[in-house]
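There are 4 protein chains.
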Amino acid sequence: MGKVFDAAEVANHASPESCWVILYGKVYDVTDFLSEHPGGAKIILKLAGKDATDEYDPIHPPGTLEENLKPEALLGTVNPDTLPKETPNAASSTAETNEGPPPVESFLNMDDIEQAATKLVSKKAWAYYYSASDDKISKRFNTEVYRSIMLRPRVFVDCTRCDLDTTVLGHKLGLPIFVSPAAMARLAHPAGEAGIAEACRSFGAMQVISNNASMTPEQIVKDASPGQVFGWQLYVQVDRRKSEAMLARINKLDAIKFIVLTLDAPVPGKREDDERGENIIGSMAGAGAAKAADRSADDTPNVDNASGGVGKQLFAGTDPSLTWRETLPWLAKHTHLPIILKGLQTHEDAYIASLHTPQVKGIILSNHGGRALDTAPPAIHTLLEIRKYCPEVFDKLEVWVDGGIRRGTDVVKALCLGAKAVGIGRPPLWGLGAGGVNGVKRTLQILADESKTCMRLLGVEKVDGLGLQNVNTRFVEQQIYDGPSGLESIRSSFRAKL
Amino acid sequence: MGKVFDAAEVANHASPESCWVILYGKVYDVTDFLSEHPGGAKIILKLAGKDATDEYDPIHPPGTLEENLKPEALLGTVNPDTLPKETPNAASSTAETNEGPPPVESFLNMDDIEQAATKLVSKKAWAYYYSASDDKISKRFNTEVYRSIMLRPRVFVDCTRCDLDTTVLGHKLGLPIFVSPAAMARLAHPAGEAGIAEACRSFGAMQVISNNASMTPEQIVKDASPGQVFGWQLYVQVDRRKSEAMLARINKLDAIKFIVLTLDAPVPGKREDDERGENIIGSMAGAGAAKAADRSADDTPNVDNASGGVGKQLFAGTDPSLTWRETLPWLAKHTHLPIILKGLQTHEDAYIASLHTPQVKGIILSNHGGRALDTAPPAIHTLLEIRKYCPEVFDKLEVWVDGGIRRGTDVVKALCLGAKAVGIGRPPLWGLGAGGVNGVKRTLQILADESKTCMRLLGVEKVDGLGLQNVNTRFVEQQIYDGPSGLESIRSSFRAKL
Amino acid sequence: MGKVFDAAEVANHASPESCWVILYGKVYDVTDFLSEHPGGAKIILKLAGKDATDEYDPIHPPGTLEENLKPEALLGTVNPDTLPKETPNAASSTAETNEGPPPVESFLNMDDIEQAATKLVSKKAWAYYYSASDDKISKRFNTEVYRSIMLRPRVFVDCTRCDLDTTVLGHKLGLPIFVSPAAMARLAHPAGEAGIAEACRSFGAMQVISNNASMTPEQIVKDASPGQVFGWQLYVQVDRRKSEAMLARINKLDAIKFIVLTLDAPVPGKREDDERGENIIGSMAGAGAAKAADRSADDTPNVDNASGGVGKQLFAGTDPSLTWRETLPWLAKHTHLPIILKGLQTHEDAYIASLHTPQVKGIILSNHGGRALDTAPPAIHTLLEIRKYCPEVFDKLEVWVDGGIRRGTDVVKALCLGAKAVGIGRPPLWGLGAGGVNGVKRTLQILADESKTCMRLLGVEKVDGLGLQNVNTRFVEQQIYDGPSGLESIRSSFRAKL
Amino acid sequence: MGKVFDAAEVANHASPESCWVILYGKVYDVTDFLSEHPGGAKIILKLAGKDATDEYDPIHPPGTLEENLKPEALLGTVNPDTLPKETPNAASSTAETNEGPPPVESFLNMDDIEQAATKLVSKKAWAYYYSASDDKISKRFNTEVYRSIMLRPRVFVDCTRCDLDTTVLGHKLGLPIFVSPAAMARLAHPAGEAGIAEACRSFGAMQVISNNASMTPEQIVKDASPGQVFGWQLYVQVDRRKSEAMLARINKLDAIKFIVLTLDAPVPGKREDDERGENIIGSMAGAGAAKAADRSADDTPNVDNASGGVGKQLFAGTDPSLTWRETLPWLAKHTHLPIILKGLQTHEDAYIASLHTPQVKGIILSNHGGRALDTAPPAIHTLLEIRKYCPEVFDKLEVWVDGGIRRGTDVVKALCLGAKAVGIGRPPLWGLGAGGVNGVKRTLQILADESKTCMRLLGVEKVDGLGLQNVNTRFVEQQIYDGPSGLESIRSSFRAKL
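Chains as they are written, first to last, in our numbering: chain A, 6 to 503; chain B, 6 to 503; chain C, 6 to 503; chain D, 6 to 503.
Rather than coming from a laboratory, the hints here were simulated on the basis of the structure.
Model, not experiment: these values are computed from the prediction.
Treat the hints with caution; some may be incorrect.
Which copy is meant is left open, so a pair is good if it fits within one copy or across any two.
Unchecked claim - Under the rule of at most 35 Å between Cα atoms (straight-line distance), these lysine-lysine pairs were calculated in the DSBU-like manner:
#1 LYS227 - LYS124
#2 LYS502 - LYS467
#3 LYS31 - LYS51
#4 LYS262 - LYS31
#5 LYS467 - LYS338
#6 LYS467 - LYS47
#7 LYS247 - LYS467
#8 LYS90 - LYS55
#9 LYS128 - LYS31
#10 LYS51 - LYS177
#11 LYS141 - LYS128
#12 LYS467 - LYS393
#13 LYS90 - LYS257
#14 LYS338 - LYS51
#15 LYS124 - LYS47
#16 LYS141 - LYS393
#17 LYS338 - LYS90
#18 LYS257 - LYS338
#19 LYS75 - LYS31
Using the sequences and the accompanying hints, generate a full structural model.
See the structure below:
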């Protein structure tokens, strides 16, 4: 590591035959790695011979390099004086911000925060966070469906006291709102997922760490307070050893109380905003893994696809072959943490999940923020569908929801219909982009304040006092699935197995 | 009071340590009062050392100062020659109006009047009147729901004669339209609530005086005609003695025939247009009262809230702990006036109210003009919900409605569905802003004319001839609450108490 | 009549004390008439001392002057050389049209024609034709309701032959489309109602002449072809002798086969576009009649109303006291023509009408083009309501509809649901404005072509082959009145009378 | 053919008396043909004396001239040096494209492709493809109805494998998506229908050749691969001999496996975008045929119609007199190919079709892309209507659909509801316009990729695994026809015939 290179010398190695890059002041020979990079060689070659730190850093957790490169790939360091000086016009992954960002106190609602973040984060980050599949019908409907539920305020109820305390999986929480797993928080702000954790800490809010976080789980939970609750999201990899190694790391972290197994995206949805982006990101997280089934176009004729966007690249290596029969037992071998299944969208699957207690402790009704299958139902639909076909699920499992939450009234409506906790995905990322840790705090503060105001005006003091009597869902009821139910055949086949 | 100060000397007292202000030519030392001001010290300090009359006047009824300051706080008078001369650019709480306002005859409908007022009143006044909670869904829906009800005109009916005369609580009225309680009319126009009273007088219309009126009840009813009917709105204060004192004053005013107890806003809704305003108002009305429960953010971590807007400040001191069991008996001790409960939004609460006759004589179905809980139901929904679940309420109580009325057809539709009287909140304030007393008259005139035209075209001569046969509510019926009713448990618990 | 005045001399008589006007080259002293003019003195005084022909002509049928002025009011003639020369900038009641109007062949649909006419006719004419009551909800809904009905095309049906021939009241017609009564066609084009008659003649289409036509019935039917069918619309006047005189004239015109008694507008609706217009028209049609009940504002306090628009002025003198019991027998005394009742909007009234055969031969379901009561139901609603509650009406009466027709598919849908004939009100006026007689022909041609194409694609050869099986009205069915029906009490009271 | 003319000489023959045109360098005397041209003489006369190749070529398949002109009409050749040189401003039927078209890889969805094509193709081509009848309500609704169907993704299903293979009429296909018959592909791109065939070949997709293709069937199927499947669309001509001759040609082409008899457009719809176009096209395809019944205006008075657009001209000669009783037996005499009936829009007609097996093997539910009757139901409606009234149809016939498909989710939804194959009409034409053969491939690629992603996210591996359990059609069910069914009378009359 003693060798010091001039930038000009590094620049000579900018071809597939000899490809060097500078990262954090060090010079690496990545020629052999080109063919293994899940994002493809092209993305690396664009940065060949140059300092790639700005592109690489916000999307790779520490340790990624070390895991994927052989020790001899590290050639030495670069002489910093020989690097081109950054100019105001230099390519930067975050947008320029001549004037400072607005004070977080000026944000009154989620829209304010999203707008501020839209101006502050890079186009790439915006595209990745904002995007949803196809025509974004599910994304929009996720929010609109809450607007179509009416509240039923009661009067002459003492609402001096009101709090949002609740218990989830036996853990006390200050808020029934949790942060849903969402990838790559450092695209929004250097504080990253650890910044979200800091904000959650102030509110007693739960956080689910994304499998594709831009920081390591260890970094994220490092400053956890005694009662702080984290979950960790698992995308099972085709190369199971990778997932097993990761689970082993997670099992060691006391702050992580459960595993969230995401099921609604065995293959990536088509997120066009993201795909239209610059696509210069190559996640090394899944490097070496087989090119996965999501490359659905590969077996069709030779009309090139667009390069795919951040979302598709993050999916590289994800295993699309999970099943009830195989995956849960495998998981039991590698963790004793409770399992939460995420992405259920039918009463049938909720019912099957309820047959997998006690390993499975809960389910998250979610359509992946509208990012998986467009025109998939919002969580509220699935919640009402379960109520209609198999309400006993609520007795066996905790049912959480996410998607579309923009107001405290939305949180309260979901709770009234039986949700134990309500997840937010994009809002904390926009908060992070708009104001770092304080932006996330502001996000949680607004939703908490709005939720409490809502509960008081409904005349309800405690979260567990909320119920069906507080909402008018007549409009939504008219949209809920009314076709043939698979419950009977599920029951028969389950009885047969016993 | 003999001492005369130069403005320059007053200007030296502009700090928390020594804070003087000029009001109506007098100089006050408000240093001790800073900590008691319900709107907070900051608002006063902005005006410290200056003439605060323009900011103070339109939002404080006469007597407020005297009630809240000790006599020795009055230091003397200011030498008017030493005050800075007002220039056209000087801060003014009302917008500049180079050309005079349009003649009221040119207004053909409520929208015309709102548009004119929007141009004429100060931004602060506009924000306070226009605002509603969250996304203003209830505010919009209040109006839209009337649009979705169809009328059923009958033909070959002699409609030569038609009048709007009606009887409410035994009082004869010229119109079934009343002015709902709405705060701070002098923000719109110096004529204030007394101007509204003058307009009502011409039409035999009833007026409910806001608890937060910018004039005293005595001023407002001063010129009442013999048959003129007023109600007075009560927000019960945490410091009950204040409310009791106020009731004692009200009991002495013959023109005030009933008390309206507002129940739909035990804590303030989130009115973002208002909160984004300049927020320089500090109501002294509730000065000295404990900071109330509505400061819902206070017990959450240190992310400052925006200062809150006019609406939130007016709530300071309001008691959020009212109950059927405690509040009505307390009220019975302090007034013999009939009680009207305002803000009922469920059939259950309407039913409970009907069990509290004869003290309670009526209810006002209202969602506070969409200003309390967003997505709360419009009064029309509650009206139809009562019809569906417990129509006997109509026999026991007078049922009034407000919210969303913009046309005479809206008034008539509410009457057809069983309302005895129909309240308007924003329209008379816009009328006041657009043309003073004549603007309010024009508002009432338009609605009266439209209502009569509507009745004639329906073939109905008298208000009490209107009924279900005159409206097609099929569309709305499909939205009405259809979930579990709390009636049975209310009946059991009420029987248990007997 | 020998006296010849200079214009300058006439100009000296421009006050209420002495008011002269020039009309068609003659000089009249209208001082005594000022107080009798139903449009008010003000409108005449604006033109006092001047040549009023341009304002007067397009809205008064010939003979109006003679009927309303005493012979001695005619003072003489004006010396035309002394009149100011008309300049391109001179006030003209029709808009300037530098380039000629577009050829009628370029119009493909009703919207094209309305757009062209909007550019070509005077603002006053546009406002009068375009306007509808209040928020124009019924006007828009009249058209939208047709869009929500779906058609059910059948295949493998020989559609070589297809025609629109039909029979109405026993008269053979070439089209099931008729021209609804609409006032003052000469506002659109000098060809006026006679021009509409000429166009109808080419198509075998029926025309109902407005009570407020800008030409005399005699002029309009002058060139009627042998089989051409006209109706005449009656607004009964407070001064019955006027109506009786008019009926006597109508009875003498062979081409007029029936009387249409308009019932949906006993008082005028509030047509704001019209009221915002210049309002310089004073119809003399009802001169001398008592100021009628429609001045609903008169008995309310002194906030002046806007002057009212063309629509309100035309209503002056209309009798709002018509009843089944009095009006029909009176009418029987003055005409033996079949009676068609126009403006029925409930199944109850349709049913009562069916009890008044044989004098009443038909009904027109109509909400007056949305010009009477806003949010009144479109004719399609009433049609379906009759089908639902009392389909026997179709056996006793011919049921016609009007309002909202913009496409041949609309015509066919109404016929499928049971209408015998379908009226168009604004389209022929826009046609007249856009292209005179040829514009009206184009209007009828387009609707005829579209109707035939529709029938062929449905697989139906003849108008009487259309039926419920050809339309899907599921969406509209969900909106139809479902409340208490007045039929039972109508039946009892009718039985009691027998 | 030896004679060589100067252009100037040809230019002398530009009148109805002597009309010459230049086509492909040859000079023709078309004077006698003027009266026979189905598009009318006017269109030819506009090009008389000139080189008409650019106008003629893209809309006439080769051989058209030879079939319609006598040999002696060919006078000789033109001296090319005497022709005017084409300048950049010269009239060209395709729009200018200074910069090259965007690469097809940049298109992410059907909208991208339509937008690109809109810029690249001529206005005439755009108008012809884009247009639909009247207000385009059916065209829009065709797409929107898919948006209102929700999907029901199942989780924990291995979706490693997934393919779109299917079998239609016993033929193996790589895609359940077929190209619907649509006229005149060469208007979009010189590759024309053969280019579409080339693209289909890559995907194993089926193509139905339009009766009005701009290339001959022989040209289109020339390079067919062994398993490639074509259908041929028949519009039966009034002059049956023409249709019989065409069928004889088709019968000889092995690649054509079935005949699609189009029934939903016995007369042309009113496509206003098309009619507003320049209308300079005169199809010779039907030359000599009687002017058909679709000239519905001809028997009405003399208000000229607009010339009619491409769509109407293509219809010239089409027989509107087809019936179940006559047409199918006639067809049986002239082809043994299976018959697919296209354009069924009611359950009644689907049921009748099911009584005509085995000659009829399938039906295509279609409203002609919204181009026939506006407000006709989308195919999804008819599909659900059949399910409701006579699901046995699915056992007897293959049911295909087309209209409105813009996403793979749309394809999958139609398959879930029982469609065996899903047609796309405009998308391949836009693809052709946007990028020639590669544009069509991109179109198919996108839909294939989206469909597979959808199936995987639903948890379904094979097309025949899709079913009602995968979709929530609650919203659409509320729109389906609910009126009187004609099934009973069909059954009786069919029994009577046996």
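Each hint tested on the structure:
no. : hint            : verdict
1   : LYS227 - LYS124 : within (31 Å within a copy, 56 Å between copies)
2   : LYS502 - LYS467 : between (42 Å within a copy, 26 Å between copies)
3   : LYS31 - LYS51   : within (18 Å within a copy, 56 Å between copies)
4   : LYS262 - LYS31  : neither (37 Å within a copy, 66 Å between copies)
5   : LYS467 - LYS338 : between (39 Å within a copy, 32 Å between copies)
6   : LYS467 - LYS47  : between (55 Å within a copy, 34 Å between copies)
7   : LYS247 - LYS467 : between (43 Å within a copy, 30 Å between copies)
8   : LYS90 - LYS55   : within (13 Å within a copy, 53 Å between copies)
9   : LYS128 - LYS31  : within (28 Å within a copy, 58 Å between copies)
10  : LYS51 - LYS177  : neither (49 Å within a copy, 43 Å between copies)
11  : LYS141 - LYS128 : both (18 Å within a copy, 31 Å between copies)
12  : LYS467 - LYS393 : both (26 Å within a copy, 30 Å between copies)
13  : LYS90 - LYS257  : neither (43 Å within a copy, 73 Å between copies)
14  : LYS338 - LYS51  : neither (42 Å within a copy, 66 Å between copies)
15  : LYS124 - LYS47  : both (29 Å within a copy, 32 Å between copies)
16  : LYS141 - LYS393 : both (27 Å within a copy, 31 Å between copies)
17  : LYS338 - LYS90  : neither (52 Å within a copy, 81 Å between copies)
18  : LYS257 - LYS338 : within (15 Å within a copy, 66 Å between copies)
19  : LYS75 - LYS31   : within (14 Å within a copy, 74 Å between copies)
When each numbered hint is compared with the structure, violations occur for hints 4, 10, 13, 14, 17.
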